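Trainee: Assemble the complex: chain A is given as a structure, and chain B must be docked to it using the hints.
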Amino acid sequence: AQSVTQPDIHITVSEGASLELRCNYSYGATPYLFWYVQSPGQGLQLLLKYFSGDTLVQGIKGFEAEFKRSQSSFNLRKPSVHWSDAAEYFCAVGAMDSSYKLIFGSGTRLLVRP
Amino acid sequence: ETGVTQTPRHLVMGMTNKKSLKCEQHLGHNAMYWYKQSAKKPLELMFVYSLEERVENNSVPSRFSPECPNSSHLFLHLHTLQPEDSALYLCASSQPGQLGGGYTFGSGTRLTVV
Numbered sequence: 006a007q008s009v010t011q012p013d014i015h016i017t018v019s020e021g022a023s024l025e026l027r028c029n030y031s032y033g034a035t036p037y038l039f040w041y042v043q044s045p046g047q048g049l050q051l052l053l054k055y056f057s058g059d060t061l062v063q064g065i066k067g068f069e070a071e072f073k074r075s076q077s078s079f080n081l082r083k084p085s086v087h088w089s090d091a092a093e094y095f096c097a098v099g100a101m102d103s104s105y106k107l108i109f110g111s112g113t114r115l116l117v118r119p
Numbered sequence: 216e217t218g219v220t221q222t223p224r225h226l227v228m229g230m231t232n233k234k235s236l237k238c239e240q241h242l243g244h245n246a247m248y249w250y251k252q253s254a255k256k257p258l259e260l261m262f263v264y265s266l267e268e269r270v271e272n273n274s275v276p277s278r279f280s281p282e283c284p285n286s287s288h289l290f291l292h293l294h295t296l297q298p299e300d301s302a303l304y305l306c307a308s309s310q311p312g313q314l315g316g317g318y319t320f321g322s323g324t325r326l327t328v329v
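Which chain is which? The protein sequence lines are A and B, in order.
When you read off a place in the first sequence, starting at 1, and then add 5, the result is the number in the numbering used here.
When you read off a place in the second sequence, starting at 1, and then add 215, the result is the number in the numbering used here.
Looking at chain A on its own, in the form it has when it is part of the complex (with noise of 0.2 angstroms):
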């Protein structure tokens, strides 16, 4: 079945430190791919998106990805963390089998040392 694994539960990095967060998923083509940002008691908010052209994808407040098919990954990235990074962080893909339906990872939490 498809799936989206996010391998690290917690991670907790210094402020201005750089940040990569892991997305592996399970997929037969190109997929949609997207990362979503979770601050307590609020919504998911759209970071990024891929689905075709430049393997590096840039999103806001500062956040890029990159695709590689070789390694059916798409870790997101930040050169320097701020406080205010700290959230849950879900990577997402487009199912195969859907027009519409979209499977997500378990998250990622990001805690900031300040």
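Calculated from the structure, these hints are not laboratory results.
Because the structure is a prediction, the values reported are computed rather than measured.
Honestly, I wouldn't trust all of these hints.
As the list claims (entries may be wrong) - Below, computed lysine-lysine pairings styled on BS3-like, alpha-carbon distance capped at 25 angstroms:
hint	chain 1	residue 1	chain 2	residue 2
1	B	Lys234	A	Lys54
2	B	Lys251	B	Lys237
3	A	Lys73	A	Lys54
4	A	Lys54	B	Lys251
5	A	Lys54	A	Lys66
6	B	Lys234	B	Lys251
To be verified - Far from chain B, by Cβ distances over 12 angstroms, these chain A residues were calculated:
hint	residue
7	Ser19
8	Leu53
9	Asp59
10	Phe68
11	Asn80
12	Ser85
13	Lys106
14	Pro119
Note that beta-carbon positions come from the ideal geometry of N, C-alpha and C, so glycine has one too.
Mentor: Then chain B, alone, in the frame of chain A:
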């Protein structure tokens, strides 16, 4: 403003009460979704409506009853809930057939069942 509005933001209800959650979008989307987000659990897709027709119902107990009177509005009617139903309920919308656009989420309704 995310484009998807959920009301109320917070709801406390007794197990014998009947209440409704409301979701409204003015993005021109034709698909709408209800998700349940419990602590330490992945996002659970509950219901999907496409063009006002329910297209997915993921084994949700009958105490949850969705309604989609038009493409802009989605309701979740609640009755005889259990304490384990306490969670953040998220509404989302999208354009079916255009997965590349992803979902737009509302801010959620925090439900507490006492």
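Trainee: Tell me, which hint numbers fail for this structure?
Mentor: 1, 8, 13
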